[in-house]
Amino acid sequence: MKKKILFIIFLLFFASRALAASVFVETPGNVKAGETFSALIKADTDEISINSINVVLSYDKDLLVFSGYKEDGLIKLWVDPPREENGKIYFGGIIPGGVTGVYDPRQEGLGAIPLIRLLFTGKAAGSANFFITESLLLKNDGKGSLLTHTQKGATLTIRENPNPTEEKIADRNPPFPFDIEIVESSLFSRTPTLLIFDTSDSDSGIKSYEIRVGGRDWQEAKSPAPVSRGIFSREISIRAYDFYGNFQEASIIVPGIFSTKLLLTIFILILSGILGYKVLKSKT
Amino acid sequence: MANNFFKKTVLFVAASIFFIASSVLAQAPVTETVTISAEVSGAAPPPPVEGGGGGGVNIPKTAVRFSGEAYPGATVSILKEGNLATAVLADSLGKFSATLEEKYDSTILYTLFAHDIAGEKSVLINYPIAVYSGFLTHLSGIRFAPTILSDLAQAKREEYLTLHGYSLPGKNLETVVSGEDEAQKKTFTLSSGQDGYYKIVLPLQGFPKGEYTAHVNYLADARISKLLKFSIGDVNIPSLELIKNIPGDCNADNVINLVDFSVLAFWYGKENPPRCVDTNNDGIINLVDFSILAFWWTG
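Protein sequence lines, in the order shown, are assigned to chains A and B.
Just so you know, we're using this note's numbering here: the first sequence kicks off at 1 and counts up by one.
Just so you know, we're using this note's numbering here: the second sequence kicks off at 1 and counts up by one.
Same shape as in the complex, but just chain B:
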């Protein structure tokens, strides 16, 4: 009887350990640890009273504060429901903070992005926030993934590809190169300098010819940089700033916005779409193509 109870207990403990381990593994790596808090804000100054005399009523200020890390000297822009609300400069350590005054209780969609000092844009990050009247809501711990550029659009087989960009200063990063086949995936580690700049020369030995993507992220951080597309072929072709080969960018203006969305929407459900709108090259335009466009969205 005691033996049976022991076995059950062992089984239960083993199951619990398996469950906890699975949950932990499922959650790693984590994206930024954003925390949100709300405190009763300091009262706004009373409105001026016409004709003098009488005192105004102190109305608690409603505001949302964003703070976090981008890149040294980066410009961090905040959009409110798609419209630019403010832009602030990050300090030499890449830290930034911005406060927007609000008026009403509502759930507001804020979109943040950063430009590094070389002008390269980060991915967009959306934060829908429940704003409460009379409270200062503070979203802290925001962290942008590094920016990324390459020297080549096509690299010669067995040669090298250089990736560079900006991140927080003195951070450990990893870059992942992925091919069409899962076996063609390699991870390289690197560190950024004290100015936030990083550069890595990737040896392409062992990679067959074909299409590839590369991205950079902080170690153990699920948020990745923009995906960079490149190919491995017979000759080196420099990466031109003018042509970035972004999926769905049919008008080749290096931005993904409503125009590209509309072109894709025109071909939605139609047969034989042009190659530039078929973002995953499967011959049909469906929600997956819109998802890829939404991922690359620059606005």
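Just chain A, same shape as in the assembly:
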């Protein structure tokens, strides 16, 4: 019997070593109601290079409000930009070239990879939980192999705040200026002409984008946005909104099928034809 117990303990120990990689949440431990704090999502890959991450985090929506995010993690390109839906935060992205961990001279071995810093505000006193309900870590091996890992949530204590107004932090800065790039569709390509845009916001992150084509209404958009080529060139504007409603706008002129030069050339040719015809007619 003792042998069996010893063997099981050994197996459990070995299994825990085999699943050394993990995705976990770091929180301050306790905050005051009304205070905005960050929950840092990190990945410890056991020194295996990863390049793609997808995470779903659930939180106590009765006690917490999602207030945005900071892009000081290592995910540089968003496949699924951070968004909130019914008490869950979804995000996914890639790290081109992959990364194994953080090199820190004050730490032995590699440190965990900071993925994203999510911002929450405490609504009421209580014990709030964070759970990672889904997570994918893909190895940087050219095949997108799965990295087996564990998931660890966190618990946070929200204390009563005797002076609730003092903790209010508002983001008053708009997102950073940005450019719009056009990726033209080639003749036989099934991919349409695309508009690419991306920016960041230092205080609360980008919540959404809106697009306006010509003088039409603003509509929700995401990059890349397919755009059809009109007959004439037109102005397209994009607005990037942060979580506090501040926005940054960028515009681009998308050339039409008929450019001004082409129209001018056609006009000159028609005019020349008419004049030539009249000259010939007058001679006869």
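Calculated from the structure, these hints are not laboratory results.
Warning: the hint list may mix true and false statements.
[Stated by the list, open to error] Across the chosen pairs, the derived CB separations fall in these ranges: (1) 80(B) x 152(A): 27 to 33 Å; (2) 67(B) x 65(A): 43 to 49 Å; (3) 80(B) x 125(A): 41 to 47 Å.
Only a predicted model underlies this, so the values are computations on that prediction, with no experimental measurement involved.
Ideal Cβ positions, reconstructed from N, Cα and C, are used throughout, including at glycine.
Given chain A's structure and the hints, the job is docking chain B onto it.
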């Protein structure tokens, strides 16, 4: 009683040996042995004082130094948060060193890559580094995997494929050819010359027709070169510099960057994607396709 204790001890020792052996095997082969250190840096010269007089306060310099090995005469580029910060030349032995001055405490993502003397680019290596104000942080032992090129995009069955590129001088290398089936995997060993150049003619006898990849790495080093795609068919088709057949490179410009990412993102979750964006040919665009794109990223 003593016998029982002996058995337990034997069991415990056997388990310990198994565990240690498993751990060692799980870790081999190793990637480069990078070491990181930080020392209080020499003081930066005091800033010039307008109007003369008075002494400046010596502020310790904050900097990050990278050192390691690429290829003889290689150009090593260092990007800071995606933007080119500096480029240095490696010496005739392939050794390089570069120092970047920094200002603040922060975790900074540095990306390194090297071009060999023929202009071929290495894979990207990312180093997120915790930088401390007033310290010189030194990341040493960096080693790039060799570069790789082939003479054929498609090789005739039962004939030969030549791989070549640059590595450190006089090193033992191995090249691995892999097919769609695990059984179609063969490893060949070779050595680089004193100028770092290597060339190997691979006999393709025994390989059936199909799609293959090849890569090169230093012996017992997990870091591999770029994956090179080729096929085995009925005729030899030369490998053209202009078309490298990189997965996800829909605009065929031989670079994988934001444009390719955006095209892939457009097809993300959509049915019936074009073949060029479906990097693993499974008919769906999901995170795996983005992972393959991120692996091939050139920027």
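Quick rundown of the hints versus the structure:
The hint said 27 to 33 Å for the Cβ distance between residue 80(B) and residue 152(A), and at roughly 32 Å that hint holds. A C-beta distance of roughly 47 Å is found between residue 67(B) and residue 65(A), which places it inside the suggested range of 43 to 49 Å. For the pair residue 80(B) and residue 125(A), the supplied restraint of 41 to 47 Å holds, since their beta-carbon distance comes to about 43 Å.
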